[in-house]
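Trainee: As they're listed, the protein sequences go chains A and B. Residues in the first sequence are numbered consecutively from 1, following the numbering used here. Residues in the second sequence are numbered consecutively from 1, following the numbering used here.
FYI, nobody ran anything at the bench for these hints, they're computed from the structure. We treat Cβ as the ideally placed atom computed from N, Cα and C, and that holds for glycine. Among these hints, one or two may not hold up.
Pairwise CB distance ranges, derived in the manner of DEER restraints [as the list claims (entries may be wrong)]:
{"hint": "1", "chain 1": "B", "residue 1": "Gln72", "chain 2": "A", "residue 2": "Gly21", "range": "33 to 43 Å"}
{"hint": "2", "chain 1": "B", "residue 1": "Glu233", "chain 2": "A", "residue 2": "Ser43", "range": "34 to 44 Å"}
{"hint": "3", "chain 1": "A", "residue 1": "Glu17", "chain 2": "B", "residue 2": "Phe227", "range": "34 to 44 Å"}
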Amino acid sequence: MPKIIYKDHQGNSKTIEVESGLSVMEGAIQKEIPGIDADCGGSMACATCHVYVNDKWFDKIPKAEDAEIDMIDMTFEPKKNSRLSCQIIVNDDLDGLEVTTPEKQT
Amino acid sequence: MKKTDAIIIGAGPVGLFAVHQLGIKGLKVVVIDNLNKAGGQCIELYPDKPIYDIPAVPECTGEQLTSRLLEQIKPFKTEIFLNERVDEVYQEKDNWIVKTNNKNQFIAPNIIIAGGVGSFEPRKISLKEAEKLEGKSVFYSVQNKEKLRNKKIAIFGGGDSALDWALELSKHSTITLIHRRNEFRGAQHTLSKIKDLEKEGKVSIKTPCQIQSLDNEKELKSITIKFDDGKTEKIQTDVMLGFFGLIMKLGPIAEWGLNMDKKTIEVNSKNFETNKKGIFAVGDICSYPGKLRLILSGFHEVALASVECFKRARPNEKYKFEFTTSSKTIHNRLGKK
Chain A
1 MPKIIYKDHQ GNSKTIEVES GLSVMEGAIQ KEIPGIDADC GGSMACATCH
51 VYVNDKWFDK IPKAEDAEID MIDMTFEPKK NSRLSCQIIV NDDLDGLEVT
101 TPEKQT
Chain B
1 MKKTDAIIIG AGPVGLFAVH QLGIKGLKVV VIDNLNKAGG QCIELYPDKP
51 IYDIPAVPEC TGEQLTSRLL EQIKPFKTEI FLNERVDEVY QEKDNWIVKT
101 NNKNQFIAPN IIIAGGVGSF EPRKISLKEA EKLEGKSVFY SVQNKEKLRN
151 KKIAIFGGGD SALDWALELS KHSTITLIHR RNEFRGAQHT LSKIKDLEKE
201 GKVSIKTPCQ IQSLDNEKEL KSITIKFDDG KTEKIQTDVM LGFFGLIMKL
251 GPIAEWGLNM DKKTIEVNSK NFETNKKGIF AVGDICSYPG KLRLILSGFH
301 EVALASVECF KRARPNEKYK FEFTTSSKTI HNRLGKK
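Bound conformation, chain B alone (with noise of 0.2 Å):
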């Protein structure tokens, strides 16, 4: 088990600051996310767009942004968990002690939910059979590509996931690409590729329509689609991959015996607190009477926040307050002399 000073849960703009809040502090912590990047929302659905209200930033995208906080924190050599979930949250005294999906385990006086909307998981197909083979034949990301040699494959989506991954996939197996409009998404260069791979036979491109069943239940032989038009066509099918996006799903947060405002966890505006000691919200996920969901909120949300995680992991010390532009302190934890 590790112990550490404050455990942030979510990697997304929020949880990156808390890591410098903190920092400055002289307080040591760890970073969990369940993507397999730091970012969150900016990095996950919105990369490109330009954000216009960050302080003293007129113009920068959610990646710009997330590479400048994670700039902004190097100097604290923090280790960030991604592709990590926390699913057990329990007290013990004064601590609290995080358990992962990956089965690391945490041990804190702090713990930081910078959770947003909740975890990113994949948007999976809705129908009953796809769920029983799921794992099997049905997936919503490639692990090993190795495994999906020489095999019928169904692709679903008009983004680049689907796009990248049928042209790649193409190269050792029969690939159908099935999208619910004619037009995709995905970069055109990479559509491009995969319409000449079509005149050679390698791809086929169904459009527009939609999965209306698998037709194996234990087993998959074989899907249905159904055409916009109507019409239905049976496709051989041995794996079928489906590149519906991500959703943000609240997940275990809700057991963790918070007080909860439908999908927010309710906090003081003071320290941002929950009703458990210790346990913090910022960012979109916290909830108080005039709540903005912006990024400079969750900022300041986690400022204030991070006074009290020292004050609970140095129970001896005494709090003072540092500006960064005047404290010899502050500038060595930053490396600068």
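Pulled out of the complex, with its shape left as it was, chain A reads as follows (with noise of 0.2 Å):
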């Protein structure tokens, strides 16, 4: 199973595994990753499911739909490799994956 890496603002980090076919969010929800709010559930609705990617992996994960994007404008602190966690869908090319929780979703 790919193993996804949680950093959070302070630099304390998580490796868990998560099932292909996830999401980066489902992932941290399921095992309680703090940091991650997602409290629209995953449509894509409400921007506190926030992450910035680190930058080695930014450009392997599919790029951002413009929805995304608007959502993004949303919010605290976006950076330029600002994503929702809800759009990474987890498989085995992103095993490793880092990413880190801003300092607060609102």
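Each of the two chains sits in its own frame; use the hints to bring them together as a complex.
Mentor: Dropping the structure here:
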């Protein structure tokens, strides 16, 4: 199973196995990773599962659609490597993916 | 204090359908919602997005679903209190008393919490100085545009609210429109009008950049913005408007003594009552084994909750299950003869 590394804004990291086909958000929610709220449940409507994707990985994940980019406008401290974790679907190629949760979601 | 049979908190699809389910049973209700219009997440988060899983409705948008529900509950002439948030809930014998932030008070044997993921509130700028100046020179909505005449106004955001207000307020004020990226997601025809105003020198557009600091603590004089390339710029500003969309906050619900599971309220799946007799939770905000966060599940939940509400509101009457197709009583309540 692909391993996903979740770091918090202070640098603490947790590595968990996330089943292929689940989103990075769902993986976090199942294992109660703090820092990802996902209020809307993954319908790309709330921007509370915002993460920064490690630069090394950013280009390896499918690009965000317009609706996601629009939604990222609503996040707390968006950056160039901002993504909504509900839109990153885990597969074997993403084994080792590293994301950092922002200081807060709202 | 207004007396009623049930107080519904939240005017989303499930809260609106609660009016129907209680209404056909002859119960009078009031609805309270923090937004300025009914529809909840449907209207606030995805008014234009199609929904495909409402039974017998192959496709409809959040806005259409809301207007159809409003149409469906019209016969009950229910009062919906908008722009109001329920702050306090307390018990008085077999009744519950609800107080809102507008000082309205209601009393009823039943409360149905159809609160979605909490109340919608504007997303705010996280700078401490912005917090101190909120309501004085930092705003997240425009209450009175007359007060914003002849000012230097910095507007943040890339959606329709930011663009619409930039256009409107540019009639009497100097506007700086600031957004974190070059693309604006608001209506493109509004944007082209603003770009014309930019050429005339009435509006200046700053992208891609974000707020770095507010330069005076007691009274806003200027702000500093930081561009993506690291450059900063100071902008003379009297008033700052932020339109970063809305977030959902559980708010005071967490303090009503209900059994909670993270941000949801635990209910039994027989009648969706919480640990407090007479307080029900339905829709996205409730949790029970197997819960699905679907609108259709919310409809089911509130249908069952309404039966228990009836029993509490009419303890001396026997509850009689009836079909809308055949019940004369229901037809009368719906105004059908």
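Trainee: Each of the hints needs a verdict: does it hold here or not?
Mentor: Going through the hints against the structure:
1. Gln72(B) x Gly21(A): 33 to 43 Å: Once the Cβ atoms are compared, 38 Å apart, the range 33 to 43 Å for Gly21(A) and Gln72(B) holds.
2. Glu233(B) x Ser43(A): 34 to 44 Å: Hint holds: Cβ distance 37 Å, inside 34 to 44 Å.
3. Glu17(A) x Phe227(B): 34 to 44 Å: holds, 40 Å
Against the hints set out earlier in the document, no violation occurs for any number.
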